[in-house]
Amino acid sequence: MQLVINNDTNELKKSMDPYFAERKSREIKQHKVHMALTTVVKPAKVYEILRNFQNFPQFIKEVKSVEPIRTTQTRWRTLQESGVSAEWDVEVVRDVPEKMIVWASEQARGEVRLIPAAGNRGTVIEVLLDYELAGGAFAELANKIFGESPHDIVRKNLHKLKAYLETGEVPTTDGQPSGREKTSTLVQPN
Amino acid sequence: MKALCWEGKYDISVKNVSEPKILNPHDAIIKVTSAAICGSDLHLYDGYIPTMQAGDILGHETMGLVVEVGPLVRNVKVGQKIVVAFDIACGSCGHCQVEQYSACDNTNPNAPMAEALYGYAGAGLYGYSHLYGGYAGGQAEYLRVPFVDTNSLVVPEGIDDDKVLFLSDIFPTGYMAAENCNIQRGDTVAIWGAGPVGQMAIKSAFLLGAERVIAIDHYPGRLAMAKNNGAMPVNYEESEGILDEIKYLTGGKGPDSCIDAVGLEAHGTTPTAILDRVKAAAFLATDRIDALRQAIQSCKKSGTVSIPGVYGGMLDNVPFGAAFGKGLTLKMGQTHTQKYMQPLLKKIVAGEVDPSTVITHRVQIEQGPTAYKTFSDQKNECIKVVIKMVH
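Keeping their order, the protein sequence lines are chains A and B.
Every number in our numbering is 8 more than the matching position in the first sequence, counting from 1.
Every number in our numbering is 554 more than the matching position in the second sequence, counting from 1.
No wet-lab data here; the hints were simulated from the structure.
Do not take every clue at face value.
What the hints assert, rightly or not - Derived CB-CB ranges, DEER-like: (1) A/32 / B/935: 56 to 62 angstroms; (2) B/628 / A/88: 57 to 63 angstroms; (3) B/868 / A/104: 42 to 48 angstroms; (4) A/81 / B/670: 35 to 41 angstroms.
Ideal Cβ placement from N, Cα and C applies to all residues, glycine included.
Given only the sequences and the hints, what does the whole structure look like? Please build it.
Structure follows, in structure tokens:
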């Protein structure tokens, strides 16, 4: 029988850490958006996909392009279904391969942590996001672009990221037939 | 193509709509040959399942010929005939890896909506509300099948559609319900609801070693079919007291396990059942649950209550004290269809079981709206409707 004991001693230490829950609840209080999602994909691959920002348009359809400006700086262009477009620069302020990416833009600051899931079962992706820096402007902007709160956006896109990581596609129903199509016609029952 | 669309409560239409396209690399398109109407489709018809939208294409029991596959489809080939599992699974997430397909993490594009209601989102389903992903269903001439390698079973040549169609849902559902009962040789299993899933559960309980199966319903036609399948029929409308009767039938100890194959629209004439109906009509409660109450109340000490019947919302007056007091095990949920398709196909091919005996009606898609009405209004005569596509 395989016992679920991880060789990674840090992992063992973490799960036995009596202050773990306390730290997490502090983070919840300190950050506007805090979210965690677990994927079966290992941290190295999650990091590789995430750190290569040009991948983002493949799983978030509102992101149209991500252009490198400098090593740590990228320009993001988004386009909402309603036609509203936006553009902003993102600076990576801390980058620990396979573990952490911290970024900042004019309106927001975000942190993504990759933690090996207990029992070597993949990766816990933790996202912390703050946008009070510009007096809620980011929230307004996000709402304008996506029509949703930053919390909803992170949640929705974390799901998409997970699906993309695990399956290589983002499940969708956009473009499927329905009786709501303008061209649909009623068939008289016989 | 022609498709059956949900337009509102008691309102189904046949519409000409566009044909589905490959939207993702693991998709396939099938030309549907047979599609069934499920008892759970009646929950939609009756307006019990939230987040349906007018124009949604119905149907989650479907099979057909593969006419197109996406670039990343590995096993399924154009020209093959496949049965499609009603729950859509990605095949790669943590749940799919351990064959908990209906708990798939990735296939519900509306996961945040389901999370808000249930805590976490389950797999997407065909034609079963936007809460479950809003996927177009298979009561149509063509169907898009996401992750087709995971979600389909290739049918060996020479087998009639009717024999294998129910591998898409009700046979695995009845089988998982019986498997969840942890049946020991010699057990007595009581099953509420002698509809299609109930009939499959009867067959499955015997396959798994049950000695006696008691079927509880109030439609003589359905009870007669249950009797044909080997069960002991009990008509609760003719009973002096259903709980007392089941106790007496089981030598005073209760069934070893109970299956609620009715779900959220239980009929029934007990005071609690009537109260449920009043509350549901006034939107004070969402689900009518008398079958579940009886199953919990009847079950022997340390027994199992298995629930394949669909529930959607809040339940009132659940005898939780009885469940606790007797130390019951409750098992429930959408079926992990993909896990059961291949092994159950073997049983069909070997002649151990023939699911097609539940079919009472075969119709064409143009008769779909009438078939829904018949299925809803004439439960005694109409047990299972199969739509035969004429292309």
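Tested hints:
Taking the beta carbon of each, residue 32 of chain A and residue 935 of chain B are about 59 angstroms apart, inside 56 to 62 angstroms as hinted. Look at residue 628 of chain B against residue 88 of chain A: about 35 angstroms separates their beta carbons, and that is not inside 57 to 63 angstroms. At about 46 angstroms, the CB distance of residue 868 of chain B to residue 104 of chain A agrees with the hint of 42 to 48 angstroms. About 36 angstroms separates the C-beta atoms of residue 81 of chain A and residue 670 of chain B, a value consistent with the hinted range of 35 to 41 angstroms.
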